[in-house]
Amino acid sequence: MPNELPPKDLKTVWQSQQPEATQMSIDEIRTRARNFDLKIRRRNLREYIAAALIAAAFTFFAWHSPSTIIRVGHALVAAGALYLGYQLHRRASSKTVPRELGAMGCLDFHLRQLERERIFLDNSWKWGIGLIPGLIVVMAGAIAAGYLAKALPFLLITCLWIGTWLWMMLKRNKRKARTLQREIDELRA
Amino acid sequence: MTTLDVGQSQADLYGETSATFHAALDRLARAYEADPENRRDLLQEIHLALWRSFEGFDGRCSLRTWVYRVAHNAAASHVVRQRKNFLSPLVSLEEAETAADPKDSEADADRRGALETLLELVRQLKPIDRQIIVSYLEGLDAAAIAEITALSPSNVATKIHRIKSVLARRFHEGGSHAQ
Numbered sequence: 001m002p003n004e005l006p007p008k009d010l011k012t013v014w015q016s017q018q019p020e021a022t023q024m025s026i027d028e029i030r031t032r033a034r035n036f037d038l039k040i041r042r043r044n045l046r047e048y049i050a051a052a053l054i055a056a057a058f059t060f061f062a063w064h065s066p067s068t069i070i071r072v073g074h075a076l077v078a079a080g081a082l083y084l085g086y087q088l089h090r091r092a093s094s095k096t097v098p099r100e101l102g103a104m105g106c107l108d109f110h111l112r113q114l115e116r117e118r119i120f121l122d123n124s125w126k127w128g129i130g131l132i133p134g135l136i137v138v139m140a141g142a143i144a145a146g147y148l149a150k151a152l153p154f155l156l157i158t159c160l161w162i163g164t165w166l167w168m169m170l171k172r173n174k175r176k177a178r179t180l181q182r183e184i185d186e187l188r189a
Numbered sequence: 001m002t003t004l005d006v007g008q009s010q011a012d013l014y015g016e017t018s019a020t021f022h023a024a025l026d027r028l029a030r031a032y033e034a035d036p037e038n039r040r041d042l043l044q045e046i047h048l049a050l051w052r053s054f055e056g057f058d059g060r061c062s063l064r065t066w067v068y069r070v071a072h073n074a075a076a077s078h079v080v081r082q083r084k085n086f087l088s089p090l091v092s093l094e095e096a097e098t099a100a101d102p103k104d105s106e107a108d109a110d111r112r113g114a115l116e117t118l119l120e121l122v123r124q125l126k127p128i129d130r131q132i133i134v135s136y137l138e139g140l141d142a143a144a145i146a147e148i149t150a151l152s153p154s155n156v157a158t159k160i161h162r163i164k165s166v167l168a169r170r171f172h173e174g175g176s177h178a179q
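Which chain is which? The protein sequence lines are S and W, in order. Take the first sequence: its position 148, counting from 1, is numbered 148 in the numbering used here, and each next residue is one higher. Take the second sequence: its position 59, counting from 1, is numbered 59 in the numbering used here, and each next residue is one higher.
Source of the hints: derived by calculation from the structure; they are not laboratory data. It cannot be assumed that every hint is accurate.
Here chain W is said to cover these stretches of chain S; the calculated rule only asks that three of the stretch's residues, wherever they fall, bring their Cβ under 8 Å from a Cβ of chain W [what the hints assert, rightly or not]:
#	segment
1	22-34
2	75-85
3	101-109
Since the structure is predicted, the reported quantities are computational estimates derived from the model, not experimental observations. The C-beta atom is built at its ideal place from N, Cα and C for all residues, glycine as well.
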């Protein structure tokens, strides 16, 4: 039977697999590398521009709002957007340098990758925290000024729903972070 | 083992790697990805990682060690990304060793063949164990695997022993055959 091969023969079975893909030429790999770099740069730029636009828009609103509370709220959202941009920049800067893939042994590389993922999950609450206080203050200011009196029940239900969803997401991330930490500890043992 | 000249250009190093390790890298991608479409993407990702890594190649290790490290590390990143998408859980060699044989393994054997059974086992392992088993199947010795993985040679030797035991059990042979 084909599954009764001893392990020594499995090496032969393994090595006899025929390649599926054709080899890439130097020009092809150069083009792909250029396209890849361009894609990453564009993605980062898009994220920074989005954060800068949000910050600029809310600074404008803060400047022109009639109510002091709403003005403070808008300023907080603008600051939060800048903080989000900073977090995105930090995340992009911590990406793996290509040389590290070959300079680091697989265990060290994998440990670092798991550690990075754990930190990201552990700190996921920081991503939203930049924008949420400002939005809450804006909403409180709008309610106080009587702008949202009719829509208040709907807003409260929406906030409760979003809050529950965020809380569940954070709990899930924390649980995943703990699982990763256990895996890291096992690998280090 | 492949000899190298540190002064070789990125293009030379990639050309040499592509010619020497093309088939091995193809097999390595199969160990990490079952879906043919995703596997093609992974293989391209590995080649891209190799090309970019050669900018920083300093010759402190052999070209073979460098190539396998880059390929395994890039592929392990792929596994970590996949796991984020709630795919099936991975097991360690120790867990694979003590786990019960799949009930349908014998019935499926004829249909799937040795290679499919082997790939199925390899793909369910955690990255480090997968790196060791693939290196073992590629014919690398414990010292070479230790250099690639950064595990101690004794640890690698222990894991290879376990690999043989798991393989022997999965293929319904006694441990004595697994030499």
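Comparing the hints with the structure gives:
no.	hint	in the structure
1	22-34	holds (count 7)
2	75-85	violated (count 0)
3	101-109	holds (count 9)
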